[in-house]
Structures are given as C-alpha cells and as structure tokens.
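Just need the whole structure built from these sequences, with the hints factored in.
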Amino acid sequence: DAGVTQSPTHLIKTRGQQVTLRCSPKSGHDTVSWYQQALGQGPQFIFQYYEEEERQRGNFPDRFSGHQFPNYSSELNVNALLLGDSALYLCASSSGTHKNIQYFGAGTRLSVL
Amino acid sequence: AQSVTQLDSQVPVFEEAPVELRCNYSSSVSVYLFWYVQYPNQGLQLLLKYLSGSTLVESINGFEAEFNKSQTSFHLRKPSVHISDTAEYFCAVSRMGNTGKLIFGQGTTLQVKP
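Chains as they are written, first to last, in the working numbering: chain D, 1 to 113; chain C, 1 to 114.
Hints are computed from structural coordinates only; laboratory data are not their basis. No residue lacks a Cβ here, since even glycine has one placed at the ideal position from N, Cα and C. One or more hints might be untrue.
[What the hints assert, rightly or not] In silico contact screen, one side only, chain D against chain C (beta carbon under 8 Å); selected entries:
1. G42
2. R63
3. L90
4. G105
[Stated by the list, open to error] Each computed SDA-like pair below joins lysine to any residue, with the alpha-carbon atoms no more than 20 Å apart:
5. D/K26 with C/V37
6. C/K49 with C/V37
7. D/K26 with C/L46
8. C/K49 with D/G96
9. D/K26 with C/T99
10. C/K113 with C/D85
11. D/K26 with C/Q45
12. C/K69 with C/Y32
13. C/K113 with C/M96
14. D/K26 with C/L48
15. D/K26 with C/L47
16. C/K49 with D/Y103
17. C/K69 with C/L51
18. D/K26 with D/E75
19. D/K26 with D/F64
20. D/K13 with D/G84
21. D/K26 with D/I101
22. D/K26 with C/D8
23. C/K49 with C/E15
24. C/K49 with D/Q44
25. D/K26 with C/Q42
26. C/K49 with D/G3
27. D/K26 with C/K113
28. D/K26 with D/G84
29. C/K69 with C/S28
30. C/K49 with D/S95
[Stated by the list, open to error] Here are the simulated distance ranges between beta carbons:
31. D/Q17 with C/H82: 39 to 47 Å
32. D/R55 with C/N68: 28 to 36 Å
33. C/S26 with D/F60: 19 to 27 Å
Here's what the structure looks like:
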C-alpha cells in the first residue's frame, strides 16, 4: 500500500519563475493539504483540497494556487518565485471523514536562486 | 485562532535516559492534539494523537503523551530513549471538528548521545 508520494524530490528555480509540485495521496484518502516548511521551522498550512475544491487557505498570497484531480491527486503551483519561497513543501493526505488525521509525504525541496 | 509553543528547541539526552519534550497550546475552542516526528531529509510521521477519551495516549515505539486541559499542555515522554530516536519532533493542534488545518510548533530537536 503506497503512502503519500510527492514529485519531484528536489527542484532548483530562479526568481520570477513558476513551479508545479505534485502529490498523490495515500490509498483510500480523498483530501490533500499542502504545507510549507522553512529551514528550522515547523510546517505552515498553505491550503486544503477536497472534492476538487479549495476548502481552506492559510496566510499565503495568491501566487500560491492549487488543483485537485478526480483521482484525488493534487498540484501546488507557485508563480513569480521569490527567494523566500525556498523551503520544503509537504503534502499530507487524509480521509474526508477524518481530515485532521494527516499522513505526510517526504516533501519537495525547492531552492530559489 | 490556535497557537503552539514548544518550550525547548533542543533536548540533549544520553541513551537509555528518560526524556520529556514540552508542548503548550493556546486556543479559545476545543482542540485535537498531535505529535509528529521528522527524521533527517524525510517528511513527517504521525507519532500519536489525542482526539477524545483517555488523556494518556501511547505510540507503538514507547512514547506517550498526556493531554492536560487545565494547563493546556500535551507533553511527550519516553522512559528510555535509543539512539534511533534522534530526530525533530513537532507538536500540532487543530480545532475540534472535521477541519484538517494543523498548526505546528517550531519543533524540538532530540539528540540522543551514546
């Protein structure tokens, strides 16, 4: 039974570029949440997708957007990258009936130069 | 809004010694509480959770945490640590109900020395 999978594992971009990160939830899960973890910090909630709609959003600018597909996988898009966007981006999946019990992927390490 | 404070950024301890990692939270509503562990270059693994019922919760690898509502705390303990327990530990809270937004503390680095 595959857990939460994220791709790519590492990514290097330059300022102003756009990036897309991908996540496949754990089997049986239909809810995907995205978090940003800066170096030495705890994860911060970006947004959550359920039934292909953004259900909740944290304190992140509109440059951060997402999408959920019918198979429950999800993408995180970040436009106009800033140096401060360098972080580990974590995807977490959960079931629709227990959204609070979340299982995390290994993350995508984004470096913005 | 909820917030989480992990009182120690680093906790060094010798192997086979007991350890306590402290977590306090602030919330105007009832909450669920979680501990996650993060090994180097990996994602977060759910260690244990408090949703309701007994205030003492245990994990399969010997950790336990106790929910103390009056002190708004959810400290993590282990009676005897191993070298393999060296990792970053995060306390998290979410408001009660099926919301799914986790608020994390800054993390505590547990360093187990031989």
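Here's how the hints hold up against the structure:
A least Cβ separation of about 3 Å between D/G42 and chain C falls short of the 8 Å threshold, and the interface hint therefore holds. This hint is violated: D/R63 has a C-beta 20 Å from the nearest C-beta of chain C, more than the 8 Å allowed. Restraint check, D/L90 versus chain C: the minimum CB separation of about 6 Å is within 8 Å; hint holds. The interface hint given for D/G105 is met, as the beta carbon of that residue sits about 5 Å from the closest beta carbon of chain C, less than 8 Å.
Of the pairs offered as hints, the one joining D/K26 and C/V37 holds, with about 18 Å between alpha carbons and a cut-off of 20 Å not exceeded. The hinted pair formed by C/K49 and C/V37 meets the criterion: a straight-line CA distance of about 12 Å does not exceed 20 Å. Our distance criterion of 20 Å between C-alpha atoms is met by D/K26 and C/L46, whose separation comes to about 14 Å. With a CA separation close to 18 Å, the supplied pair C/K49 and D/G96 stays within the 20 Å bound.
Of the supplied pair hints, the one linking D/K26 and C/T99 holds, its CA atoms being roughly 19 Å apart against a limit of 20 Å. Between C/K113 and C/D85 the alpha-carbon distance is near 10 Å, which keeps this suggested pair within the 20 Å criterion. Under the criterion of a C-alpha separation no larger than 20 Å, the hint pairing D/K26 with C/Q45 is consistent with the structure, at around 13 Å. Proximity of C/K69 to C/Y32 is assessed by CA-CA distance (about 11 Å); at most 20 Å being required, the pair is judged to hold.
A hinted pair counts as satisfied when its Cα atoms are at most 20 Å apart, and C/K113 with C/M96 does not qualify at roughly 38 Å. Under the criterion of a C-alpha separation no larger than 20 Å, the hint pairing D/K26 with C/L48 is consistent with the structure, at around 18 Å. Taken as a hint, the D/K26 and C/L47 pair is honoured in the structure, with Cα atoms around 17 Å apart against an allowance of 20 Å. At most 20 Å may separate the alpha-carbon atoms for a hinted pair to count; C/K49 and D/Y103 meet this at roughly 12 Å.
For the given pair, C/K69 sits about 13 Å from C/L51 by alpha-carbon distance, which is consistent with the 20 Å threshold. With a C-alpha separation of about 15 Å, the suggested pair D/K26 and D/E75 falls inside the 20 Å cut-off, and the hint holds. A distance of roughly 23 Å separates the Cα atoms of D/K26 and D/F64; the hinted pair therefore is violated under the 20 Å criterion. Distance restraint check for D/K13 and D/G84: the Cα-Cα separation of roughly 12 Å lies within the 20 Å cut-off, and the hinted pair is therefore satisfied.
Taking the CA atoms of D/K26 and D/I101, the gap is about 12 Å. The hint holds against a cut of 20 Å. Between D/K26 and C/D8 the alpha-carbon distance is near 32 Å, which puts this suggested pair outside the 20 Å criterion. Distance check on the hinted pair: C/K49 and C/E15 sit about 25 Å apart at the alpha-carbon level, beyond 20 Å; violated. Of the pairs offered as hints, the one joining C/K49 and D/Q44 holds, with about 19 Å between alpha carbons and a cut-off of 20 Å not exceeded.
Between the alpha carbons of D/K26 and C/Q42 the distance comes to roughly 16 Å, so the proposed pair stays at or under 20 Å and holds. Taken as a hint, the C/K49 and D/G3 pair is honoured in the structure, with Cα atoms around 19 Å apart against an allowance of 20 Å. With a CA separation close to 35 Å, the supplied pair D/K26 and C/K113 exceeds the 20 Å bound. Between the alpha carbons of D/K26 and D/G84 the distance comes to roughly 30 Å, so the proposed pair goes past 20 Å and is violated.
With a CA separation close to 12 Å, the supplied pair C/K69 and C/S28 stays within the 20 Å bound. Of the supplied pair hints, the one linking C/K49 and D/S95 holds, its CA atoms being roughly 16 Å apart against a limit of 20 Å. The hint said 39 to 47 Å for the Cβ distance between D/Q17 and C/H82, and at roughly 43 Å that hint holds. Between D/R55 and C/N68 the beta carbons are some 31 Å apart, a value that agrees with the proposed interval 28 to 36 Å.
Taking 19 to 27 Å as the suggested C-beta distance range, the pair C/S26 and D/F60 conforms, at roughly 22 Å.
Violated hints for the displayed structure, listed by number in ascending order: 2, 13, 19, 22, 23, 27, 28.
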